[in-house]
Amino acid sequence: METKIETAELKLTAKDFVTDQDIRWCPGCGDYSILKQVQSVMPELGIPRENIVFISGIGCSSRFPYYMETFGMHSIHGRATAIASGLKATRPELSVWIVTGDGDSLSIGGNHLIHLLRRNFNVNILLFNNEIYGLTKGQYSPTSPQGKITKSTPVGSIDHPFNPLALCLGADATFVARSMDRDPVHLREMLRKADQHKGTSLLEIYQNCNVFNDGAFEIFTEKGSKKQETLFLEQGKPLLFGQNNEKGIQLDGLKPIVVEAASANNLWIHDVHDLSKAALLTRFFEGAETENHLPRPFGIFYETDRPCYEEVLQEQIEIAVNAKGKGNLDALLSGNNVWTIS
Amino acid sequence: MAVSDEIKKAVVILFAGDSGDGIQLAGSQFTTTAALYGNDISTFPNFPAEIRAPQGTLAGVSGFQLHFGSVKIYTPGDHCDVLVAMNAAALKANLKQLKEDSIIIVNTDGFDPKNLKLAKYNNGDNPLKNGSLEKYKIYEIDVTKLTRTCLADSGLGTKEMDRSKNMFVLGFIYWLYNRTLDNTLEFLHKKFKTRPDLIDANVKVLKAGYNFGDTTETFTSRYHVKPAVMEKGAYRNIMGNQATAIGLIAATQKAGVTLFYGSYPITPASDILHELSKHKNFGVKTFQAEDEIAAVTSAIGASFGGSLGITASSGPGIALKGEAIGLALMLELPLVICNVQRGGPSTGLPTKTEQSDLLQALYGRNGESPVPVIAATSPSDCFYMAYEACRIAIEHLTPVFFLSDGYIANGSEPWQFPKSSDLLPIKVNFAKEKSPDSTEKFLPYKRNEKMVRDWAIPGTKGLEHRIGGLEKENETGNVSYDPDNHELMVKIRSERIEKIADYIPLQKIDAGKESGKLLVIGWGSTYGAIKTAVKEAIDEGYSVSHIQIKYIHPFPKNIETLIKKFDQILIPEMNSGQLIKVIREKYLVDAKGFNKIKGMPFTASEIKNKLLELLSAS
Ligand SMILES: Cc1ncc(C[n+]2csc(CCOP(=O)(O)OP(=O)(O)O)c2C)c(N)n1
Ligand code: SF4
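Going down the list, the sequences are from chains A and B.
Going by this note's numbering, the residue at position 95 of the first sequence is 95; the numbering climbs one at a time, nothing skipped.
Basically this note's numbering = 1-based index in the second sequence + 342.
Simulated from the structure, these hints should not be mistaken for laboratory data.
A portion of the hints provided could be inaccurate.
As the list claims (entries may be wrong) - Once the Cα atoms are required to be at most 27 Å apart in a straight line, the calculated DSSO-like pairs of lysine-lysine come out as:
id	chain 1	residue 1	chain 2	residue 2
1	A	15	B	803
2	A	11	B	803
3	A	277	A	226
4	B	487	B	471
The structure presented is a predicted model; accordingly, all values stated were derived computationally and were not measured.
One chain only, chain B, in its complex shape (with noise of 0.2 Å):
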């Protein structure tokens, strides 16, 4: 039987099985063999929380879902064109991602009288043999099997060739999407460097899946998704957290001091600190404390040396830091705290994805304490805005909110990569030595045009004062208890911060025109379904446009005017309506929520439909 070969522009593929079977590096491979190739792609993995939950369970069900096009890609996508299901849990878990004409690959032996159990299944009821499935091409592959059988002369035992079943499911998938194993092949070689024996096997195996597809002629049809139309320019594929990461040695060695990362481990937000940590030889200093107080407060004495103290955490942990913000505010000293945000309250949904920490980021302290919050967009965005969370920390001596989620932080997508010598250059603003015949007293919170006082840090001749948390007169830091000066002081702290917009860039306008009938405000990591929703939209005729809010607070100075110019506003975010409370407070326009609180992303259909609702009812 001869195979045709189709030609798609966007494939959404989603790997799930349990959390042992491999999923993730599967779907982290193929991603990297298409990021080559020239694909644009985004990826969103998904995990549960338990670390090893109970295998063939709903609950243990681990995914990969990537989405890759010859076209731009800005989601993870919508719905699964295949879904490759290593067991009868993971098909039960995501048949509603799926397509009506998806293509099934499902792994037999995860069907068994056993596993149909685990997922719940009644009485054994096989979704494979009982029709309901009819809808789908499903192909029934028993890939436990064919991988044991590949390595019957292996000398590995069962459960280590059993390891090998997500390379069999890999190399298919690479015959199906017509892709070269070669990328694969080094990464095998690099990862099993010490275990000849898991190089050959594992390498068997990939291939086997891929000759599996040339020879069973159950295929008809092998897929080409050509290379997207990109920038010309070096492109390497990047992680939300590892962006962030490499934002933030960006940004330190940009402005020459150290830096200092104070932590404690919390999902989504850890991958930070391993990335860090992997890079002493930028000089980072890497504290794994003992809580997120230690965490935040360790990263503070370090601003107070001249380094730059950056910690991380996400809802849980930040709450935990919230006092010693306010201290790092009061001191004028800079601080960046990265929320990767999660599913809330308390413990919430660790492994999910949520925007409900803005609202603590702006307010979530004692007293009247304004802090700059910005937001990532998408995984490669975390590296701009950490960046920038670092310029405006050390230019303005002031701690800094960097917000991302668990979307993008595990997200990943290509990246642009810019020159060092291109980044914007962050100025460090030393208090110099005191000439030893100067009579002039220091002042430790005397400010320049920016309302921002020097950074006189110990070990310099001459300056040596005292700050602290108390309320403290203006210019000279004493303690002061003076009502007019505390008054002065509270404003003068606002002031500062509001003085930042002057600043940032200018809010752009992502899609569509000026003025016109909608204007779609998202913020953080929206972006991509938002995006993907109003360029249809307008792609349709609509008279939509979009804007993506990075920097929260302050907000750029052209916000206002450029709301203004739109009939209806529509703010879709992952809380129930947080963004939505300081648009309609600060500019007094009737702006509309639209919000998802189900710990997933938005699709772009969810937020298309939303915004001709709108469309149409005006």
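Okay, chain A solo, but in the shape it has when bound (with noise of 0.2 Å):
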């Protein structure tokens, strides 16, 4: 209750996040869409301007923090989210919000995103992912599916691609999620979501780069195919997809398959606190060339409940400050073995 009538009070709208810069993407580019939500979201979440930052890496879409008009840092490839764990441990009564791309979050910044997930600062991590390195004009990802043809790859990449959600669950996030850039309203929902979880919030954003890598989710987002490649995670609800939902998901042993909903009895009942369900379906990730092939999820794959640092750090200083007492900076000075002479 309390929340809302300060909101109220707040009373602020979509506009009042919008800044006076001009918006350098490409005309079409996904991340207009994702900044459009994350505006209209933010008079929701009931917490004043000044105490919302915004810090983003390097990339198209690390350009983020410049069209919010709340605390904003544009910093260094692949490092918003060691900035973030500094702020936070330091100012944990802010709302942190980290927006990274998929180069800038799984290339140079892997090793950040896994450790600040393990350690579970209550930041929202919003990957912006695109499959490709979009401000340096196209080159593969960690993303990229292999044999993808880029400039740097004109006959095709190597690399395996990483799983993006299946990676953050096992460094033990502590709520992992997956929208799109083209399903506005299921994006509100998984921002509003994202900020309600206490802990990192990782929420993977499908995002077209018209100009590098056009149509990569094409599957997932137009019309025509939509419905038979995606599936919507609600929690206690049975996996359902197709055109009228007339399939689901059941599971054979650990083997998910799909099955004729109607005739279905034990279909999955989507559960976000189940760990090991939740590794089955960060596991949904064939290409839709493959026979057979799962659909893939949107919406909540896991949430939990963990301490998070700041707070445990915190802690660790009321405790030292109840044992010794608040530090004395002359007892500091002076240490325990002092000698005089006179």
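Could you use the hints to bring the two separately framed chains together as a complex?
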């Protein structure tokens, strides 16, 4: 209730989160839609604008903070996660959002990403995945499919790609979700949920780079294929997909299989707290070209409660103050072994 | 036989043995005891790079050198008066350090055929037997056997008994230098609070060592080193890294900001992290990051939030931090980067000292990215310079390099510590909340007369703004690719650092007159050796002076007038000539370098010989 009253008092609208800067993304870039959804969700969160901080690395997506009328830092390639850790460690009351691309977070910043997740600072990561390096003009990224033809891989990339959510779950992330630029309603819902989760929220957002990797997620976003290829996860609900939700997922031992929903009596019920099932869900990752492939899940894969780094850090300080008293500088300067020359 | 008492002005003792022999402990116990007695002291531990190098080998020798006296002491000493060698390797590794008439105390058990072989003495050619040590006063004690005999009834196993060997040696040295056991007895009671059997054992062995001196009649002299004439006041003993940590805490306390320390372990900087993490009751937040890049960037995040972000490392880690330091400089946020230098390049000599990262600190970033650089001159000076680094960072919103090195970081000396009220105040300039009816746009890069912007931290109403590493328009901070603006900003960033020269002390002459034949310019940890050498030369009537530059970028404003009053300039450095490049370039003087690149500090006599050479040639 209280937060609601505060929200009303704040009287913010999406417009209050728009800056006076000209937006420099290519026309048609998926980043525009994401920006719009973020700006429209912000006023609902009940957080005073001055307490919100957006931190990004380098990449097209990382220009994001310039367009948010909040505090912001456009930092260096791959390090937004580490910068946010230091900020959150010292200012736990701030609402900290990290904006990062797939190259930024999974290539150069891969190390910091996994460490942030295991430490579980209470921050939100928006991972804009366009399966390409946009800003450097179109080289393959760690999420590009194998064989991808780009400027740096004229005969196809050799690298096996990362499965970002499987990686994050492997790093013991406490909130793992996926959404896309072309589904504003779902994206807004995921942004709200990410904000509500206490701990690191990792939200992967499929983002179309219409200049260097147009249509990478087309089958998930376009009307003709979306229903067949996507699976929207809802807590407590069976895993259903297809034109009229006619298909479902069932477990055959540990193997997920597609079944006719009508005749199935043992459909998989989604439980965001079930780690084993979440691990299986992240593996719904085959390409559409594979026969009998599973649909790509969207929504919250997993959510759990674990103490946040900044809270325990603060606790340790309070314990030390209680045990030893508030630090006395003169006592620190003199130490325990003083002698006097008179 | 009567034992005579001899008075000595100063003595250098080197304890040496396997790294498992408790050498560092014995050394630091003697140090505290001598300090409490009122001697002036300087110490230098010298460890092998490996934690448990193969026992008995030359690579495994660990040393602790201490120089104490009734006179002012500035270095751990050039040569030893006493060497305690726990085994053959310890003797072999340190023979070079000895004077003609040094005393050598050997543990004979460490000279059995196995140990001789490990120390690479040919065919077991025992130096104790072959007459090669004739010029020294050598005392052979079977420390192992005596320790075991003493503890025969203790119920301890042989291994545990042998761990007390260092106490036997320490007790004996206490006897030799007429010291009481009180300080070490108190220490043992504290250390083994939960193990009364170990208190008993160590106390027994310590006393046995002391009594051994009294009863064996081997020694014909005992020595007295009277208290030094020191300035009146309260003193403590302090190690460099500890002083650094305390300096950082003191500065943030005085400034009233939270200390955030992001760091990744590396020799010889890790002890700063260890020390800081003990002081959580000062609100200190330490963060052991996943690597040096996360260490420095987390510190930048903390500074963005209004804390003082601090990071420390040694050369290899500093190399990794370069890009982020450039970011902090663009953001114009405070950041303190401590570099406890060691031998380089690459992994280099992790446990050895060197001053070879000065140019890295000054220039080791992309673009034109000036950062203040300051350096500590001694273990206790680490306190003051770490404090200064924080003061400059906070008052000028800039990253600041604080340079120390392995020599002073691990060395220790008595310190007449200050009162907190005597420390310079540190003024924090947080931008104020904007009133709701103000229509003025907040300008994040608007500057005051010091050319410093306000520290505008999240949580302050009305100050929402974006900063980043991209070139920015003056005042607004908006991204700008304008050619003229870039030139302007590069100049502003340089000028605002140069301007810090108005807010640091003028360079003092440490010894000698204001003009003369020769000026010795040092920086960092060469202070003690230069000071000792120059003092001796002055006493002998030479025209020589000494300055030790602590503020290297920007330099104090009077350096130029100061150095131009001398016929010759000598710049000793533990590198192949780095400060000299800067001095020559900036002041167009024909300075001479004197360089030692052996991972070891200068001795005072090396410096003295060099300056006499220059003076006699002129
Ligand atoms: C240290 C460093 N290395 C390389 C770059 C060049 N660089 C800038 S963005 C980028 C990749 C961006 O890709 P991604 O993170 O996927 O973001 P996108 O542009 O696609 O949004 C690279 C390689 C840099 N800025 N800094
Ligand atoms: S290059 Fe791609 S990702 Fe970057 S702005 Fe253009 S469309 Fe968007």
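Cross-check of the supplied hints:
no.	hint	in the structure
1	A:15 to B:803	holds (17 Å)
2	A:11 to B:803	holds (15 Å)
3	A:277 to A:226	holds (23 Å)
4	B:487 to B:471	holds (20 Å)
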